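Enquirer: Given next are the chains, with one letter for each unit.
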Amino acid sequence: MRNFAKLVDSLYFINSNKAKAGLLINYLKTTPDPDRGWAIAAIAGDLHFDFFKRRVIKELITERIDPLLFDLSYDYVGEMSETVALLWSSTIERGIKKDNPDTINAVPSLHDVVTMFKTLAKKDVKPYLAALLDALSPAERWALIKLGTGGLRIGISTRFLKKILAEYAKECTPNNAVDIEQIERLWHAVEPPYCDLLAWLEGKEKRPETSHKLTFQPVMLAHPLLPSDLDKLDLADWQAEWKFDGIRAQLLRTEKGAALYSRNGDDISKSFPDLINKVLSTDLYGRFDGELLALNPDKSNICEKDNYAHIASFNQLQQRLNKKKPSKALMLEIPVGFIAYDVLDTPSCEYRGLVLKERSIALANLLQPYKHIDVYPSELLAFATTEDLLNLKTQASKLSNGYIEGIMLKNKLGKYVAGRPKNQWYKLKREPKLIDAVIMYAQRGHGKRSSYYSDFTFGCWQDGQLLPVGKAYSGFTDAELKKLDTWVRRNTLGRFGPVKEVKKALVFEVAFDAVHPSNRHKSKVALRFPRINRIRWDKPAGEADPLENLIKLIAN
Amino acid sequence: MHPEKWIKTDKNGLYCKPLDAYIDPMQAVNNAIITHAHADHARGGHTNVYATQATLDIMAIRYGEDHAKATYALEYRQMQTLNQASFTLFPAGHILGSAQVLIEYKNQRLVHTGDCKRQPDDTCEAFEAVPCDVFVTEATFGLPVFKHPDIEHETQKLLDSLALLPESCHLVGVYALGKCQRLILALRKLGYHSPIYIHGALLKLCQLYQRYNIDLGELVEVAMLEDLSILKGKIVLAPPSALNDRWSRKLPQVMTAMASGWMQIRARSKQRRAELPLIISDHSDWHDLLRTIEEVNPKEVWVTHGREQALVHQAQKMGYKAKALSLVGYSDNEDAFVDEEKR
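If you're matching them up, the sequences are chains A and B in order. For the first sequence, position 17 matches number 16 in numbering that gives the first Met the number 0, and the numbering has no gaps at all. For the second sequence, position 314 matches number 313 in numbering that gives the first Met the number 0, and the numbering has no gaps at all.
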């Protein structure tokens, strides 16, 4: 535990990737199994269980410290784990602890900690955790709480970690090393503490056997493209498709069953048994990359012929995503479909090595018979010039009630490569919509922005009154953030817990992708992906937009 | 007469009617009592300034000899009468020359600490608890999350890193006044006797400290070096604003450290891009703030700036009458103070 905490602490503060890689490789070399595997899983975010709930941590600390002081501290630090890690010291010094007979003297290993939390009865978690926190330093406590609540974010992406594992493999067996692509494909089939994976990387064992499992494989991602960069492309080499506003998903069907994964590899099959069962009822086999979309129950065809009128909003889809066990009624009210962008493999063929041109033809043929289960191949759009493309982009907003976000441009000669390869896939998003709104409330940010007022609620006018329409956290520079923070402090009217009400005097130009009707806000509208486009220091609040201007922007 | 009747706060700061003077005013005023020379407490342009000699000397360096029409250098513990009341300065342990102000008027005693620190500091006289009716304190680190470790412990972290990475130039962000000199002294005490390299902005204040017989050892201005590669494995001190500036890019293999009480909060270290955070503060931490209130044991506690709400709450729990003055203008954090220094 001690060495793990030290590693995490160093990784957190060090900026250079090279130095981070050095630290990690050194840790892999000097730490025995299974500790090092647990550490990798923790850093990769692949420990799929919580040692303890955030609630337990909160209970422990509020039993030991004045609730107001806790609230103020949490508000200031902006992060629960760190707040508790720091506050815990004051509970020990002030002699409040000693309600715990089983004091821990030696700090246990990471493996011991993991095993303890995995096996402890629910009622024993709290005293063990308290004893552990007593025995640790603030930095170690922080690492434990982050680890235990599954929120260890220390600026290391899973992709970067796999790169480091590949580097480590190369150091172990310079002549015959496993490369990153091989690691990527195996990754979701192995489980912490990864003893088999590490032995394979070190050349001590064969590749772990995985064919008996349903597992996710990493997807190919796109870079954004500015319209002005279109001229740089030789359009003959590119194909265009719609960019739908659902969630990116991977659909897998093998002899073992069917599964649906989010783009990060989370298994979301349970939320979509309707789609899974429909797939299982057919003889469709293979691994498909695509977009999961909510559909309108009363319209029958998803496809291009009726301008995608069948597609429902992202908000609708979110209701399905939120349910681990959707009711029949919900599945009837919000059915889902899958538009496949690509095929990765089928039992008879590995497609990833083929170029996109060939994959697209294969995809269309493979999926042709399955429209009745709402699985479709993505439509290839006809175009000849950059102007055609820009027109398509504009057209995107008008189709399907505005649930198409723009277009994708894909290199026809590219293979399917996991990650975000350069010059392969581009997304060309439609222009955002804009509105001038008045900032009403501010809250301190979290993480990097803790202690700065960086989360803003803004509103539009109706009958001389401001009604909140959304919240935004992004779109300004660090310098603007400081200026906004000062403005909030100088213009505070009141306080509701961590929220400050401010003078209704500052206007934001807010950019957003779409407006939907909503019952969450008093204003009855909800914005999709709002961000601050400009701060209008110059504009009087009275001249901000009335709410009706927003309502007019609701699709249809 | 209760101090509430003769002390008020306005846009200039804290004003004492019978003295007809402000303490640490934000704007130029007629009579100013200055607790210490940090830029958010000491400004130029007053008519009469009352402060310790060291504070006046630092103000002269920062704002020029003519920063006030008249200056009055006061000794600690020497009572000064001004208009209808009198005041006395006592050591605050914050930085060189820092003082608390005791005001006595009509049988009531009010002590204003300015900023203060209880940890040992060889660059200034130690804080002295002065009995009073109303105790006016800051609350910069007024939350129980703040617990400043010993400066030796934090300084050793810097030396350990230097031993681990002997090729790296260790660039440490320090506030020019106080923190810089205190860190140098801590390094010397731990047996580090190599030259310490400093940014030009720190030079004059270091020289002043040396004139006050504080032995900082050999200091070399980075601008005087012809070959910067000799800075590998050396310690370079610079104001925080220079850490991520062009200035630091010319240094070889930089390891960035930052010495500040804020380094206790991870996000603050990240905001500064400090890879080696050193928790060194010239303010009282939570525990010391409470200890000070207990030792002074006043009838009432007033809190000027910082995390007022928490300290007021805790003081009330400890049985004191307490309120926040909510003075605007004092930098809520040292970061703002640094930005000021840069201007």
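Keep in mind that the hints were calculated from the coordinates and are not lab data. Keep in mind that the hints are not guaranteed to be accurate.
27 Å max Cα-Cα, derived DSS-like pairs, lysine-lysine [to be verified]:
(1) K356/A / K432/A
(2) K499/A / K322/B
(3) K316/B / K499/A
Ranges between beta-carbon positions, derived for each pair [unchecked claim]:
(4) G216/B / E170/A: 51 to 57 Å
(5) K426/A / H192/B: 57 to 63 Å
(6) D65/A / K16/B: 47 to 53 Å
(7) A125/B / T476/A: 55 to 61 Å
(8) T476/A / G216/B: 51 to 57 Å
(9) K52/A / K105/B: 46 to 52 Å
(10) N16/A / D149/B: 29 to 35 Å
(11) P431/A / E166/B: 30 to 36 Å
(12) R533/A / K105/B: 53 to 59 Å
Cβ-to-Cβ under 8 Å is the rule here; a few derived chain B residues that face chain A [stated by the list, open to error]:
(13) R76
(14) K146
(15) Q252
(16) Q308
(17) Q315
(18) M317
All values derive from a computational prediction rather than experimental measurement. Glycine residues also receive a C-beta, built at the ideal position from the N, C-alpha and C atoms.
Enquirer: For which of the previously enumerated hints does the structure constitute a violation, in increasing order of number?
Expert: Of the numbered hints, 1, 4, 6, 7, 8, 9, 11, 13, 15, 17 and 18 do not hold.
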